[in-house]
Amino acid sequence: MADAAKPAPTKGGRANTKKELPEHFKAYKHVWVAVEIEHGAVHSVSFELLGEGRKLADKRGVELAAVLMGDDREALGKAAQDCFEYGADCVYIACDPALKHYRNETSTQVLTDIVNTYQPEILLLGATNLGRDLAGSVATTLKTGLTADSTELAIDEDGSLAATRPTFGGSLLCTIFTLNFRPQMATVRPRVMAMPEREEGRSGRIVEFTPNIAEDDVVTKVLDFIADRDSDKAALPYADVVVAGGLGLGSVENFQLVKDLAAVLGAEYGGSRPLVQKGWITSDRQIGQTGKTIRPRLYIAAGISGAIQHRVGVEGADLILAINTDPKAPIFEFAHLGIVADAVTLLPALTEAFARRLRVTRMAS
Amino acid sequence: MHIVVCIKQVPDSAQIRVHPVTNTIMRQGVPTIINPYDLFALEEALRLKDRLGASVTALCMGPPTASESLRKALTFGADRAVLLTDRYFAGSDTLATSYALSMALTKIGEEFGTPEIVFTGKQTIDGDTAQVGPGIASRLKLNQLTYISKIVATDLEAGRITVERRAETGTQVLATKLPVLITMLEATNEMRRGTIAQALEAARAEIITWNASDVGIEDLTKCGLRGSPTIVKKVFAPTARSEAAAMIEAEGTMDAKARAVVDAIFARAPGVEDDLTAQALHHYV
Amino acid sequence: MAEMEDTFDAIVVGAGPSGNAAAYTLAKEGLSVLQIERGEYAGSKNVQGAILYSDALEKIIPEFREEAPLERHVIEQRMWSMDDTSHTGMHYRSGDFNEEKPNRYTILRAQFDKWFSAKVKEAGALVLCETTVTELVKDLTGRVIGVRTDRQGNPIFAPVVILAEGVNGLVGQRSGLRPEIAPESVALAVKEMHFLPRETIEARFNLKGNEGVVIEAMGTITRGMTGTGFLYTNEESISVGIGCIVSDFAEGEATPAELLEAFKAHPSIAPLLEGSEVKEYAAHLIPEGGYKAIPQLTGDGWIVVGDAGQFVNAVHREGSNLAMTTGRIAAETVVALHRKGEAMDGYTLKEYERRLEATFVMKDLKKYKGIPGLLDANKTTFFGTYPRLFSQAMQTWFRVDGVDKKTKEKAILKSFRDSRSLRGLLGDAWRVARAWR
Ligand SMILES: Cc1cc2nc3c(=O)[nH]c(=O)nc-3n(C[C@H](O)[C@H](O)[C@H](O)COP(=O)(O)OP(=O)(O)OC[C@H]3O[C@@H](n4cnc5c(N)ncnc54)[C@H](O)[C@@H]3O)c2cc1C
Ligand SMILES: Cc1cc2nc3c(=O)[nH]c(=O)nc-3n(C[C@H](O)[C@H](O)[C@H](O)COP(=O)(O)OP(=O)(O)OC[C@H]3O[C@@H](n4cnc5c(N)ncnc54)[C@H](O)[C@@H]3O)c2cc1C
Ligand SMILES: Nc1ncnc2c1ncn2[C@@H]1O[C@H](COP(=O)(O)O)[C@@H](O)[C@H]1O
Chain A
1 MADAAKPAPT KGGRANTKKE LPEHFKAYKH VWVAVEIEHG AVHSVSFELL GEGRKLADKR
61 GVELAAVLMG DDREALGKAA QDCFEYGADC VYIACDPALK HYRNETSTQV LTDIVNTYQP
121 EILLLGATNL GRDLAGSVAT TLKTGLTADS TELAIDEDGS LAATRPTFGG SLLCTIFTLN
181 FRPQMATVRP RVMAMPEREE GRSGRIVEFT PNIAEDDVVT KVLDFIADRD SDKAALPYAD
241 VVVAGGLGLG SVENFQLVKD LAAVLGAEYG GSRPLVQKGW ITSDRQIGQT GKTIRPRLYI
301 AAGISGAIQH RVGVEGADLI LAINTDPKAP IFEFAHLGIV ADAVTLLPAL TEAFARRLRV
361 TRMAS
Chain B
366 MHIVVCIKQV PDSAQIRVHP VTNTIMRQGV PTIINPYDLF ALEEALRLKD RLGASVTALC
426 MGPPTASESL RKALTFGADR AVLLTDRYFA GSDTLATSYA LSMALTKIGE EFGTPEIVFT
486 GKQTIDGDTA QVGPGIASRL KLNQLTYISK IVATDLEAGR ITVERRAETG TQVLATKLPV
546 LITMLEATNE MRRGTIAQAL EAARAEIITW NASDVGIEDL TKCGLRGSPT IVKKVFAPTA
606 RSEAAAMIEA EGTMDAKARA VVDAIFARAP GVEDDLTAQA LHHYV
Chain C
651 MAEMEDTFDA IVVGAGPSGN AAAYTLAKEG LSVLQIERGE YAGSKNVQGA ILYSDALEKI
711 IPEFREEAPL ERHVIEQRMW SMDDTSHTGM HYRSGDFNEE KPNRYTILRA QFDKWFSAKV
771 KEAGALVLCE TTVTELVKDL TGRVIGVRTD RQGNPIFAPV VILAEGVNGL VGQRSGLRPE
831 IAPESVALAV KEMHFLPRET IEARFNLKGN EGVVIEAMGT ITRGMTGTGF LYTNEESISV
891 GIGCIVSDFA EGEATPAELL EAFKAHPSIA PLLEGSEVKE YAAHLIPEGG YKAIPQLTGD
951 GWIVVGDAGQ FVNAVHREGS NLAMTTGRIA AETVVALHRK GEAMDGYTLK EYERRLEATF
1011 VMKDLKKYKG IPGLLDANKT TFFGTYPRLF SQAMQTWFRV DGVDKKTKEK AILKSFRDSR
1071 SLRGLLGDAW RVARAWR
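Chains as they are written, first to last, in this note's numbering: chain A, 1 to 365; chain B, 366 to 650; chain C, 651 to 1087.
One or more of the hints may lead you astray.
[Unchecked claim] Example chain A residues on the side facing chain B (calculated, C-beta under 7 Å, incomplete):
#1 E38
#2 G136
#3 T144
#4 A148
#5 C174
#6 K221
#7 D224
#8 I226
#9 R229
#10 L298
#11 I339
No wet-lab data here; the hints were simulated from the structure. Backbone N, C-alpha and C define an ideal beta-carbon position, used for all residues, glycine too.
Working from the sequences, and respecting the hints, build out all of it.
Structure, rendered in structure tokens:
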């Protein structure tokens, strides 16, 4: 995306003059999601994107398609059914032994080939390590525009994709277009879009695509895959309840209070970036712009000031409770509930109160 | 061995402010720094240099003042610094940036030897796209290794490299052929401090400065704003939520306050209470 | 290169106004200069707004107005005596200050120092940032011959080291060249930047274009401690701060942060800052001991300039101009000795002090040498009693309440006499006059 720091383009500048879309791009139609599969499992960001893609496709009056790449035809078939149930009208399946593991080389080639063959107007990917790795190569190979880490996707009155994303660490938002090139590409981080409702039994068209690759020609080899042992690493973005702490806790010892409350609530815990820098928590527990985006039903933030970079990662939460000693802390501007209190003394009391309440409710029921 | 590290000079976004009226970035007085993610790439290159005796070139596309960041890279121990600067580069998006940088990399290869490894950071803190690295790799047909947490082995003779790559749910161990482009993961190493001799040398060093035509760019429509397929149409400040938090004003002991908080939460989210109770039941049963 | 011993004609420690003035002057005259600054860049440790007095800089870089990052030129000076709810002020504003070459500017030190440092490099000096001088290297006779830094490697040598390291002067202290600064002779100032759109600032202070206002205030805002508050208008921000003598703070009346909060909340100040976005809280020491606190300035192979030499005129809040002037004169002295091929020892370098005697620097500091002591001895009177009395007097005088003016006059006079006896009043007047002389 272009550097958003330059002053908003002036009238009559290039940005406001929509050139005619070159003739060879006019055939590009439909909205696509490149589905992310790692070790047989579909990453939920792909379903979130199908939900969002559905809206875009409906607005454009076109089809929504999913692209699946892998080596296990049966598993791909199952994944295709999931895609239909999450809103896809059509699924492109590329099945080849060389697609067993994700590799930039093979996936870039296959995805660009499918794009060139079937010509979508919009192509969405998850802004995960895999999606970002792939999107950058595909966009460069296709010489088209790519809006990374979008937080909002819309179709403007001319029918173009308007992708909005934070810039300058979230201090500003900008809306980005790819007017004269196709496909219009965007990535979206997990949990930024809501998970769509699943429509059981919904089905669609499957198009088999025969990849033009051979393992022998592939330079990069996967020697090993070490799955994360700490299996909850990926759980934070998907947790229903998240308890997080910030610098206001004062010490790594006090951070234990956050973990205690999380334990009682069966919640995940996380924290603001300075805690990662101080080594109180690991980086996959960081919440915010440069950490994880979360969408829990309940988010409890203790001793977090609520800087914009933190805020953008938690805004999707249904209910935010903020605990802070400073009544003017910015977090109270976007939390739903707030209490001015010392987190170090309130947290243990809260843990206790929740424990008692949940036990009481259980006995009453 | 020759290694090139792409570093970007960025405004220290922690200190950026948005003009309350015009919603433009107020850059005045905001210090610039080397993109923090790029330091991990640079340090990794310097470690390879220590181990294998490589020469390290730092490359930056940016305004003339970006030479400060390059000089700093020299202070850390880079051997050579190249600044790519031209007003035609202004307004580049990732596609145009990767084009200009790949042209400069080609020229660097011609002048100082083809690099076996090109490093970039994981992402920048201003553009924040993580796309420039993959863009360069695609253009120069380098084997692309993103989110690398560790360089396991480098075999120069055989032209092979083995790395650990951070995937979504685990770590991939990948082996591939040189030349490669590596985007280095953050927190994988810690930047060293240059010696006094390196600092003095860096202060005296000449920064090699090239413009578009120096690196052989003839078609200027591939550069800057004109070479960028993406168009920023609107820049705006995030809207504040209409209402501020409802403050829980409980008196008395901490326990009383805690109860008030629990009540307030469950009053707003009865569903959460039901589910938590069910979950608690599950645990006890 | 690493094996080669690095030798320069002069080493300058610090890249504040004094160090930059010295390094620039030396480099401009063709000497090989190494300047070492511990901050990330010159000015990185100086996040404050400040007043720049043109004259001292003009003598070094005559065309500075065309290039330096200047905020606003000062056309109005407000001097306020404040009590808890009011201020009694004297304002001087003149169109004459809109002259072609304005006399005073507000600046942001971070940007200004960075610009000055770029000029130093342009002039040919080598500038090393993020490097701290840890100690001076001496030969067997105790003569300073170079510096050691916190980076690995050999020391760097030069026949003379100019210490422009600011108020703390740790290098000088550690190397036994000067005593630790006394808490009575240094003030601690805290300061904030308040960002506002330029239109708001101009409307609020009645300014056009790049015109600026300075407010200096004393009174109950320092709760009986010796100190002052200030407010400067920058282009798109306001610098506001307050400072008191460190030994007064030690008595625990209030913390600097509390004073600043109260100052900002004062009904005379709050409306000026309303709606601003606060950024950058900074604390910094100002040497205020004046003439009597000046340490030894020269020795074998070393010279002290700027704040490190206590060159601050606290009464007029001048510092950077004294810093630049002492830096320049030290450099000129070194250049002259270098040209003549003379040694830089305690005897020859004394020439620096002789040259300084002839400038406003020493003349002003001598003139006010009694002030710090006077204020310290009469803190409660000058920073409590008088500001309150002024305020009361003004209230009495301006409030139209049916009381005749003659009675009001009497009441005012009586209020002064009651709180401060006639002798006290006359005594204060005499003491101030004497200290001012
Ligand atoms: C490029 C960039 C990316 C960034 N990305 C992220 C990101 O992804 N995530 C992120 O979180 N940050 C991020 N940051 C950092 C962000 O700008 C803030 O600095 C950070 O979020 C502040 O963390 P904090 O709230 O824990 O600490 P602070 O800002 O220091 O706030 C501590 C808070 O605790 C309160 N407090 C103090 N004592 C107590 C007590 N006893 N009880 C209760 N409250 C107390 C204080 O009033 C204060 O509000 C990023 C910054 C940059 C520049
Ligand atoms: C709040 C405040 C407001 C002020 N307002 C004004 C004003 O309006 N007008 C005015 O004229 N004056 C003002 N002053 C005074 C003025 O700032 C100083 O007099 C002036 O900065 C002194 O310059 P200097 O070069 O001697 O020291 P400094 O500006 O302090 O510079 C010293 C430099 O040396 C570096 N350094 C220190 N030790 C080492 C070391 N060991 N190795 C390497 N580098 C080192 C420091 O990082 C620093 O950059 C103000 C001061 C304060 C605190
Ligand atoms: N202008 C530039 N000059 C040099 N390197 C750059 C530039 N822009 C981006 N990079 C490199 O590309 C990486 C990813 O940047 P981005 O795609 O902007 O997040 C950075 O970490 C840098 O290593």
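A quick look at each hint next to the structure:
Taking 7 Å as the C-beta cut-off, the interface hint given for E38 of chain A holds, the closest approach to chain B being about 5 Å. With its C-beta approaching chain B no nearer than about 3 Å, G136 of chain A sits inside the 7 Å limit, and its interface hint holds. The interface hint given for T144 of chain A holds, since its Cβ lies 6 Å from the closest Cβ of chain B, which is under the 7 Å cut-off. Restraint check, A148 of chain A versus chain B: the minimum CB separation of about 4 Å is within 7 Å; hint holds.
With a cut of 7 Å, the hint placing C174 of chain A at the interface with chain B holds, because the nearest CB-to-CB distance is about 5 Å. Satisfaction of the interface hint for K221 of chain A is found here, the shortest Cβ-Cβ separation to chain B being roughly 5 Å, below the 7 Å cut-off. Proximity of D224 of chain A to chain B holds as hinted, the smallest CB-CB distance being about 4 Å (cut-off 7 Å). Given hint, I226 of chain A at the interface with chain B, holds; its Cβ is 4 Å from that chain's nearest Cβ, closer than 7 Å.
Annotation: interface hint on R229 of chain A violated; nearest CB of chain B at approximately 9 Å, more than 7 Å. Given hint, L298 of chain A at the interface with chain B, holds; its Cβ is 5 Å from that chain's nearest Cβ, closer than 7 Å. Annotation: interface hint on I339 of chain A holds; nearest CB of chain B at approximately 4 Å, less than 7 Å.
Of the hints listed earlier, the one the structure fails to meet is number 9.
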